Structure formats: structure tokens, C-alpha cells
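S.K.: Add chain B to chain A, keeping to what the hints say.
Here the protein sequences come in this chain order: A and B.
For the first sequence, position 304 (counting from the first letter as 1) is numbered 304 according to this note's numbering, and the numbering increases by one without interruption.
So the mapping is simple: this note's numbering equals the position in the second sequence, first residue as 1, plus 397.
Since the hints were made in silico from the structure, they are not lab data.
Bear in mind that the values here come from a model prediction, so they are computed numbers and not experimental data.
Treat the hints with care, since some could be wrong.
No more than 25 angstroms apart at the CA atoms, straight line, and that leaves these computed lysine-lysine pairs for BS3-like [what the hints assert, rightly or not]:
#1 Lys142(A) with Lys73(A)
#2 Lys479(B) with Lys371(A)
#3 Lys479(B) with Lys73(A)
#4 Lys63(A) with Lys73(A)
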Amino acid sequence: MNFFVLSLIKAGVVAFVLLTTLAYLQWIERKVIAHIQLRVGPRRVGPHGLLQPLADVIKLLTKEDMLPSHVNKVFYLLAPFIAVFFALISISVIPFGTEVNIGPIHTAMQLTDLNIGVLFVLGLSGMGVYGVALAGWASNNKYSLLGGLRSSAQMISYELPMALAIAAPLLLLNTLSFRELVDAQSGYYLGFIPRWSIFQGPLPQIVSFLLFLIAAFAETNRVPFDLPEAENELVAGFHTEYSSMKFAAFFMAEYANMVTVSCVATLLFLGGWQPLFPAEYGSRFVPSLIFIIGGLTCFYHAINPARPFDRITLPVAGVVFLGIAGLFLVPIVDTILLPLFWFASKVGVILFLYIWVRGTLPRFRYDQLMKFAWTFMFPIAVANLLVTGLLVALTSK
Amino acid sequence: MDAVLFLIFAALAVICAINLVLQTHPISSALSLIGVMGSLAVLYLLLGGEFIAAAQLIVYAGAIMVLFIFVIMLLNAGSEHKVRKGPWVRFFGVPLLVAFLGLLGYAVQTVLPSGEGVRFGGFVQGKALDVGRLLFTTYLLPFEVTSVLILIAILGAIVLARKEID
Chain A
1 MNFFVLSLIK AGVVAFVLLT TLAYLQWIER KVIAHIQLRV GPRRVGPHGL
51 LQPLADVIKL LTKEDMLPSH VNKVFYLLAP FIAVFFALIS ISVIPFGTEV
101 NIGPIHTAMQ LTDLNIGVLF VLGLSGMGVY GVALAGWASN NKYSLLGGLR
151 SSAQMISYEL PMALAIAAPL LLLNTLSFRE LVDAQSGYYL GFIPRWSIFQ
201 GPLPQIVSFL LFLIAAFAET NRVPFDLPEA ENELVAGFHT EYSSMKFAAF
251 FMAEYANMVT VSCVATLLFL GGWQPLFPAE YGSRFVPSLI FIIGGLTCFY
301 HAINPARPFD RITLPVAGVV FLGIAGLFLV PIVDTILLPL FWFASKVGVI
351 LFLYIWVRGT LPRFRYDQLM KFAWTFMFPI AVANLLVTGL LVALTSK
Chain B
398 MDAVLFLIFA ALAVICAINL VLQTHPISSA LSLIGVMGSL AVLYLLLGGE
448 FIAAAQLIVY AGAIMVLFIF VIMLLNAGSE HKVRKGPWVR FFGVPLLVAF
498 LGLLGYAVQT VLPSGEGVRF GGFVQGKALD VGRLLFTTYL LPFEVTSVLI
548 LIAILGAIVL ARKEID
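Looking at chain B on its own, in the form it has when it is part of the complex:
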């Protein structure tokens, strides 16, 4: 059951990701990205990360992508203009892509340590309680530093936007 669900949602994530690149209209691409985020949330859930799955759904699919869609709608962005592909792209594009993926797969196989693989239901420390405890004990410093980083980013955005208005 877990494996079947994994295959379905992994395939969905990949299809949505490919669709995201292929679509010419920004809204279609943004919706595909939501599909990727949603599928990833289900994959987290299958691996036992319940809190991470919920956070993925709320933060990425629910909040950030709404802002994306909002901005696209506000600017009323039109379809992308398809550029005519040159001979290089037409003849060498697909072989180069296959070669790159092969190399990447080989590198992942050799560099990463060979573990016992993933077992569904093997990980049970994904509850909000466990994540919260880790965030406020072991990973307290990275957590706080990240929040400061985000604050700086927000302030920077405001400063840049202000300059344009003045």
C-alpha cells in the first residue's frame, strides 16, 4: 500500500515538475509547482514526517504559491514567446540531457554512503512534539539564525520597494 502510494505520488511529482518547465503560461507553471509541492507533502507523510508534511502544505502550497499566483494575476502576465530552437539545441539537446542524468545518477551512487534503504513506517519521530523539541534544543542556534536571516530579507525587500516609490 505504502509502495503503491509512493509510486503514484512520486510519478505525479515528476510529471508536474516536467509540466512546470514545458508550460508556456506562468499560471499553468505555478499550478504545476503546487502539484509538485502537494505530492512532496504526501511523500513526507509516507516517510513518517507528519509535521513536515503539514508545514509543506501550509507554507509552500498554501501561502507562498498563493503569493506567486497573486503576483502573476496582478501583473496579468501573458504567455511566454516560444523561441525558435537553433540546430545545436535540436540535435544535441536530448543526448546531452541523457548523458548529464546518467553522470548525475553515477555520482549519487558512488558519493553517497550505501544505507539499508528506506523502509515505510520505519521512522516515527515526525510528530509536531518531536520536531519542536529538536528545534528548541539541538538545532536552536540554526533555527534562530534562520529567523534573523528571514527578517533581514523582509527588511531588504521593504527598503528596495521604498526606494522605487520615492
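Extracted from the complex, chain A is given alone in its bound form:
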């Protein structure tokens, strides 16, 4: 098939899935936070609040779009675009699975495989700070300006340990292309320990994985590093003056950055779509098993319904789950779905970690944040990189 047509279709699918994920990530976050705090969370719109993201989108679209009179108009309007553009575009180099054959078409589950993929993502994440910094400056508001300043200082500081933490597994895997990174992590030690870079010799990259995760929390302005939008001191930080869709753009950029960073962590450290244990021990039945358990749980709760409409909705959900479970067992389809399942579940675990931390940890003080980056993370990242480099140089021929 024509290269352009194929790319267009893939871009459409990726954009649709990404935007839906972003919308539902927010629902999941509200639900998880609610359950951590012993609340129920959104549940009025649709069953268990499942239509809440749709309602939120409609609300944000129809809200009054205010343009404060004291702002610097050009940059004020430009900032959300910059933020959302650089947040969304990184997904174009992220691979989601192996190369697949659909009928006569042979294609990779990825928009494009750059041989500088890792650097591309690093560069774009560095550009994303302009959206936040400009928003803070153009708003002509002291809270926004402080938020923007904090954000740029924080991102510059945490980019260093992040880049150093990325460099260590790159030394092990010896490539900058995301697809080759995952291929270099295939196989098992002793037949069952996966050769992901957090387990791979000569030096398992657990330290750099933790450093990367911490730096990623700071880069995406998430709790406990959400100083740029600390609401008890800065109102809402850099997006205080933004309303309606312009506010939603910043929100979307934050979630898109979270997804990208989780994907990068999965690809660099957790072996991408490589399963947790080999196929000989039945790793290909894991997704079916999970969905069958989910389906049976739905049926069980349908027999003992808590609310009258559960008698109808839960069996429907159960049948859908069992259908998905069956889909994972179909011979040709499973070669596409299994890598996707492993990739999505690893990304999902990291995203859940984000939410879990948000529900658990308090916010840092600003000087603690900076001190932590420069006097704790940076030396450890350098030491880790040096030790990794030495061991790789000693063991490789």
C-alpha cells in the first residue's frame, strides 16, 4: 500500500487512541485518588462515571473563553499551542509492538522509527518547557510568573539527572532507536529472568530506573514536584489566567507528557513489549486469564446486584471481557495483540504509580526540590553512569 496512505491511517489510529487514553487517564486518576481517600469518585455520568471524560470535554468546550485585558496577547495565545504540540508529537517515535503482517501489508506498530529516537524525545521534552514558561510570563500576573519561573528552573535541573539516567541503559543496549532498544532486551537469563535493562548484566539498571522515574515526575510537574502549580501559594501557577479550551490544552499536555514518559521508561528499562516470562511457561495465556477473571467477576456481581441496573450492565461487560479473552487466543490476531498487551500493561503500571504517588506524598518545598536534584540525584546519576560504562567496557569485546 502507498506509504502516505498507510502513514495517515496509522497517525489517525495513534492520535485517536492517545486522545482517548488522555481523557480516560483523568477519569482513572480521579477514581484511584478517590478510592485512596475512601471516596467513590465520579459516578453520576454513565455507569461508574464512565462518561465523565465526555462530559468534561463538553464542559470545557462550551465554557466562556476569556481573554484577560492585561496579557501579552500573542504569547498568551501561543503558549498552550506550544505546550500541547510538543507534548503530543513525541508519540510519533514510540513503538507499541512488533512488526506485523495484516493481510498483504507489512508494517511496524509505530509511526516512524528514527535512529535518533531517544534523542528526539529528549529534545522535544526540553522544548515543552517553553509553553509553561511563556504562559507564566505572558499572563502578566505575579502568580503565573512565579509558576513559570519555577517550572523552567525545575525542568532545567531535572533534565540533567534524567539524561544521565537514560544514558546508562543506552550504554548497555548500544542503540538510540526505540525498536532496536526493545530487540536488545529480548531473551532470558537461566530461562526465566527477562533480559530487560533493569535486570540485564553487567550492571542491572535499577538505580537509573529509579532516577529516571523521579526525574520524570519533576519533568511532568506532578506531585510531589508540582511546585509550578502549587495551589496553596500560587493560585494555579502558570495557568491561573487560562480558561476553557486553553486551560484544557495545558491539562492535556500534562497527561500526554505522562504517557510519553511512561512509554519511554517502559521501552528503556522494562523491555517494551517483551513478556514477563517466556512463552514456554505460558505467558501467552496471561491476558486471556486476566480478562476471563474480569468477566467472571462481572457475572458474580450480576447475580448479587448492588443496584437494580447492575442486572443488565454487568452481564454485558462480562460478555465483552470474555470476548476479548477469546480474541487473545485466535492464532493470527494474538501475534498483534500480545505485544500490545504487554506494552500497555507496563505503561499502565507506571501511570498507576504516578497516581498512587499523587495520592500518597505531600509536596516538596522549593529549596528541597532544587537541593535534591543537584546534591543527591546528580552525583548518583554520574556515579551510576561511570560504573556502568566501566563494566560495559570491561565485559564487551
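M.R.: Same frame as chain A, now just chain B:
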């Protein structure tokens, strides 16, 4: 395709560079400079220097310019005051500029050796692997000397800043 992209981004780089000089507010100028850096990165990419393009984006557009913007925001620098141009500037500025550019073009034409010109896709040794190998073999001494130079610059900045605080 390559030629079209080259023309677009070369034009963008020139427009951003002119805008950088014309703008009165430092933030606008800094953003124009980011535009120049980004366009240059694309030009490197078109010429086959993938690693250089990524480094340009990360180091210049991503790190150095963020610091520029950061400092401008921190100082809250206002717009530049337009100075009234004298008669000399008004009447001789543009002709002198044209003459200078003409001379420069002539000098470049005569001094530089006439090669076969640039072919897009002709250069393929721009991968991180090739650049790294060259840096650590052929250009090892210049590379290390540059790193020492940068270290000295950093130390100098710290010493100067310290003096002001004390």
C-alpha cells in the same frame, strides 16, 4: 521533496533571524532565536547529520535558550527604547548594507573552493555511532581541550558571581 523542505526551512531561518534583530522586546527576540535554532536543526537533518540535528535541538533550542528565557523572565526586562535614527542611518544605511552583502557574496565566491555543491542524501555518516567514533579517535584532543575550556568558563562564572555576593 528535500529541496522544497530546504527552501522552507532556510527561508524560516532567515526570517526568524531578521525578526530577532527587528523585535524590540527581549522575549520576542529570544523566541525568534529558538526559531533559527530549530530551522538549523532541520537543515542538519536534511544534510544527513542526524546526531548533530538532535544535539542542536537538545543543547541550543532546549537548554541554552531556556536559560535565556529564564533570565529574561527573572529580570523582567522591558521593551527596548527605540532611538531616533540620525540622517546618516536613514540615507546611507540600506545602500551600505546592500554593498556589504554584495562584497561578502563576492568574497565567498572567490575565496572558497568551488566544489560539486550539496547533494541531499549524499552524506550518510551522521549517525551517533559515526560522530562518537570520530570524537574519540580523530578529534580526541580538540574534544578534551574543549571540555577543559568549558570547565574553566564555568569556574570563572562561579568566581565572578561569588565576588559580587561577598
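S.K.: Hints broken by the structure, by number, lowest first?
M.R.: 2
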